[in-house]
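Chains as they are written, first to last, in the numbering used here: chain A, 1 to 659; chain B, 1 to 515; chain C, 1 to 103.
Hint data in this document are derived by calculation from the structure and do not stem from the laboratory.
Possibly wrong hints are sitting among the right ones.
[As the list claims (entries may be wrong)] Below, in silico cross-link-like pairs of lysine-lysine (DSS-like), each with a Cα-Cα straight-line distance of 27 Å or less: (1) K103(B) / K164(B); (2) K370(B) / K28(A); (3) K103(B) / K31(A); (4) K370(B) / K164(B).
[Claimed, not checked] These stretches of chain C come out as covered by chain A in the derived footprint (C-beta under 8 Å, 3 or more residues): (5) 51-59; (6) 69-80.
Note that CB positions come from ideal geometry on N, CA and C, so glycine has one too.
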Amino acid sequence: MNEPMLFLPLIPLLPFVGFLLNGVLGSKLPKALVSTIALAFPLASFALVARAAWMVYSGLALPVIEHGAPEWIVFGAVHIGFGLALDQLTLVMLLVITGVGFLIHLYSVGYMEHEQGYWRYFAYLNLFLFFMTVLVLASNFLLMFVGWEGVGLASYLLIGFYIDRRSAGDAGKKAFVVNRIGDFGFLIAMFLLLGSFGTLNFSEVAAQLAGHAAISGGVVTLICLCLLLGATGKSAQIPLYIWLPDAMEGPTPVSALIHAATMVTAGVYMIARAHALFDLSPTALLVVAILGTATAFFAATVAMVQTDIKRVLAYSTISQLGYMFLGCGVGAYSAAVFHLMTHAFFKALLFLAAGSVIHGLGGEQDLRRMGGLRKQMPVTFWTMTAAVLAIAGFFPFAGFFSKDAILAAAFQHGVSGKALWTVGLTTALLTSFYMFRLWYLTFLGESRADGPADSPANGHGSAHAGHAHESPWIMLTPLVVLAALSVCGGWIGMERFGAFLAPVTGGVQAAAGDGGQIEMMLSALAVLVAAAGWFVAHSIYGRARNDRANASLALPRRVLERKYWVDEIYVAGIVRPLEGLARYGLGWVGEWTLVRGSAWLLAGVASLSGEFLRRWQSGNLRSYAAWLTAAAAILLIFVLAGTLFGINGFADTIHWAVR
Amino acid sequence: MDNVILSLILLVPLAGAALILLLPERGKLPAWIALLDSLLTFLCTLHLPAHFAGGRGGFQFEENVLWLSHPRISYHLGVDGLSLWLVVLVGLLAPVGVVASWKTIGSRSKVFYALFLLQQTAMVGVFVSLDLMLYYGFWELSLIPIVILTAMFGRNLGESSAVKAALRFFLYTFIPSAPLLVALLWLYAHTGSFDYTTLQAAIASGSLPARQLGWVSVAFLLAFAVKVPVLGLHGWLADTFSEAPVAIAMIAAGKLGLYSLIRFHVALFPALAREAAPWMIGFAVVGILYGALLALVQKDFWKLLAYATLSSLSFCTLGIYGFTISGMNGALLQTVNEGIIGAALFLMFGVLFDSRRTSQLGEFGGVAQKAPRLAALFVIASLALIGLPLLNGFVGEFLVLAGTFNGVSKGWAAVAALGVIFSAAYMLRMIQMVFLGEPTANSHGHAVRELSWRETVTVGGLAVLMLAIGVMPTVWTSTMEPALQSAFKVSSAENAVPAAAESGAGMMHAMGESR
Amino acid sequence: MNTAVPAEWYLILSAALFTLGVVGFLIKRSLISIFMSIELMLNAVNLSFVTFAHEWHAVKGQIFVFFVMMVAAAEAAVGLAILISIFRARGTLTVDQIDLMKL
């Protein structure tokens, strides 16, 4: 076989064309044409990816590298280009991105039908696909950074899609700025890489690492930690997770695509991509694992008490991303990517189903005002059920396999691994609990549509519908497809998936252990835990109508409802001091005393000396004449003194002045 | 053609100015003449890159005519990779300035456009002069129209009037010009020449008295640093941005000073500039954060733009005084970028201001709904300013920061890189306050108007340029780099230019951490 | 013709004329008189120019005299015009009362 063309550059460029068409002309085109453009280009991309997958399946050797353009930035002797590379990891990511991406585009056609700025929405969505595919196709860190920042931009635009809502603008801004903090880490990591390796190419860095076993741990750890800072920003991990719950201000399909299935997993992808570095730094890996586990647990606790359906899912996403980080941290990159994939299926499904509920209720997002929707929205109910079972980790749904793989890998990872595993298992209990809580509150019981109305108005749908209705087929089709994937997505099995990814991520750690019995026990334990979570949720929410607060738990509940006051702490600890420094420290002290003050000082000296000198300027012509004459006389005497006494006074004086 | 093109570029705006003054002020006639004339000039400047022999240093399109034999002043013009794109930039910005003034300048438009074109000649002159006296003449000439136009056509906002702003600009820029002249005369007295290459060789030979030469270089540095402006000398910036007409404000800061810093400080006094470098790097890094933090809390968008400009120009200063070829390359590219982005932002701010007669951010809101084209283009320009990859600002910042990080100091570079966080914060804050949210009716009751077709084409063109530079920066940097290499070859032999060192591992010690 | 008047005499005359001019310039109060004193000084200088030119057979000095005369003529024209307009505006030519230029 003779180097078949995969047309890799076209995969990102096609959605970009869609973005340009809709972005420039969209406002003047009819809606149907906008939808056609918006759907056709991602579909074409997906077709290219599917074709590539087929060729790989039939024996194409990976990785394939194709160049979009020879060079982009030249830094000294380092030429950084638009190189695109397709390997197993990228292929998995691309399938998820373009596949799920296309389904969500399809769903959006129904969901966004009545929104103003329909064209704008699809332009942004296509732009997102462009940057996301660039991110995963990039063959070097800098090009990855392009996608990395670009998806942040698309996310910003889509979160702030409802441009007339102040909270949406706030949320978008917060997301972008917090992500920029992460990007700062990414930038520094790239500078360090340039300094230590003289290249930003993934393959060259890996080759140098393999060749030079002696590269010191210190620099590598620093690089890894900087990369990790970037990853925590994009993937919403502690300490930079705060933007993701707020990002739910965006339209729900956006939450599904960007803030659940694809963009937020970029951090996991990046760590897996840079695993050659991380493998050399046990410290960094440990930090990754601890951060991931802590985030998983922490977010799960917060998710238990949220009342906004999308916020529950947002915290759930943070928690699941924590699992993926845990997987990376214990070296089970393929398990993390496996969970990334299954998570993309069921979390996208959860969001889309939630969107269907919101759509059906005319914009209601408060769990306390839902209930009893099982009858009115059967398709949504059943697909959602599949997703809930999947995320809770019931056999044989997709989430079971991937979560199990991560937990098993953690369990086999020494002493620290056992501790992490314990927390992870507890988190699984919490996960199961809050997901079934959501499930009960939304679909079972009786309708509480006239319940407490303290939730703010939101963008989707203006009037509260009198009664709930099922969504149109164009929204339900993606639900059904994703439900099928949530059920079967894990059947491929960790071993086969790991073997497929092995050329990229190294050996299959999770399945390597021969302790078949231990694994069976762990799996059984996980399912038991999930069932326990369901049981607790059932006993609290299964019968009772409302989300009653247990009086004895008031304090912890309040802590959770306020999300541990993290936002407030950040504002009080970082944002306000910086603003104070800028306004008072720099604005008053700096600008007024130093900059203006020094200018005033100079001006004062000038005007004071002018005040003194102006006395000569008496206005009396004869006094001027007298000064003139006197000066002329002095000069004359000077010159005469020179000629008479042999002193060349004039020349000497000039000479003295210059010297 | 090649041997008169530079004179042509100098003369066309001058002829346009004369034509405007001769013809009567009827309707939009002066504006049309200025537009056509500046477009013609732009076409002329495009001749330069089209016929520029790339890949080598040294001056091209040279013209050298003896003007006065005593003192020996020549009409010596020339362009190298350093100034090439700056000349084109001036050519590009002139029509943009005319378009930006189109609706603002009503009465006395003859004076406005004539002086505007005169300013253009002066700026081109600064970039192409190779005789220092000629350079000095153009340098001074470039300041005068700014002062007059600010005073005559200013906005007269708030407590500070346009005349005050003009006076402040005048004092800030003219006072340091006096020591510059003295320093030039001193050089002439000791070398008998104002010619750039002669002086460069003379200074490099080390035959001039060292102590006085130090003061001479300080005089040069001071004059240019005020014009950039460098932190601490930026007292004129906010006032000029607030008061000056848009077309003037967009050319007042940045490129003249930065170009002069590279050509007439760093390349002319390499050894002395190295001694000043630690200070300049310190000022630059602090300036990045200082400007960014202040921009974060401004309530007035002209002031916000002023501090944002201070911040992003400090990136250029950082690149220049890092003494790495990549850093300088990035700084030079960023100078061009800054001109393009600043012009677009200024034009759009001008539209906002003229619609509402206020620059208070709090009085705006929801503009995106009324003026979607304006909002979209504004967001693109903002993203370029804050360095989004694939737009031009990123390339410059990346080169500067990477060069500084690996060639100068990790610590300073990391602190400077914090600027990327703040820049996002202040630009997005402004976008939110102006463009998002519910449309507000302000006290004057004026709605914000959409961009006219002329403005849309102009800003759209600039936006395309931002994308082009962001995607294909090598088109620009490949002509800049040889010029930078050769500009420093003359006298920086004692400290090998770390371009070669930038590639491999273990290069970090090249300049030492202390810089 | 060695009976010519020695050059010193011319110079002494020139100096005397110049001193007269200076004194007049300093003590007179009428602008007209001050103006005439200035003319006197100019012509005193002219006289020494011509003297030296003749003494050293150099034509440059005589050329300078023409320059000075030209300047003096221009000055007279412009100056007198200014004087007339000042007189019209203020009704006086006494220098002590014309001090508007004072800061």
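Margin query: Using a Cβ cutoff of 8 Å, are there at least 3 residues of the segment 51-59 of chain C near chain A, or does the coverage claim fail?
Written below: violated (count 0)
Margin query: Would the hint linking K370(B) and K28(A) be met if the CA-CA limit is 27 Å?
Written below: Status holds; Cα separation ~16 Å.
Next item on the list: For the pair we were handed, K103(B) and K31(A), check the Cα-Cα distance against 27 Å.
Entry: violated (36 Å)
Notebook entry, point to check: Within the segment 69-80 of chain C, is the number of residues with a Cβ closer than 8 Å to a Cβ of chain A three or more?
Noted result: violated (count 0)
Next item on the list: Assess, step by step, whether the Cα of K370(B) is no farther than 27 Å from the Cα of K164(B), and give holds or violated.
Entry: violated (35 Å)
Check: CA of K103(B) to CA of K164(B), is that 27 Å or under?
Finding: holds (24 Å)
When each numbered hint is compared with the structure, violations occur for hints 3, 4, 5 and 6.
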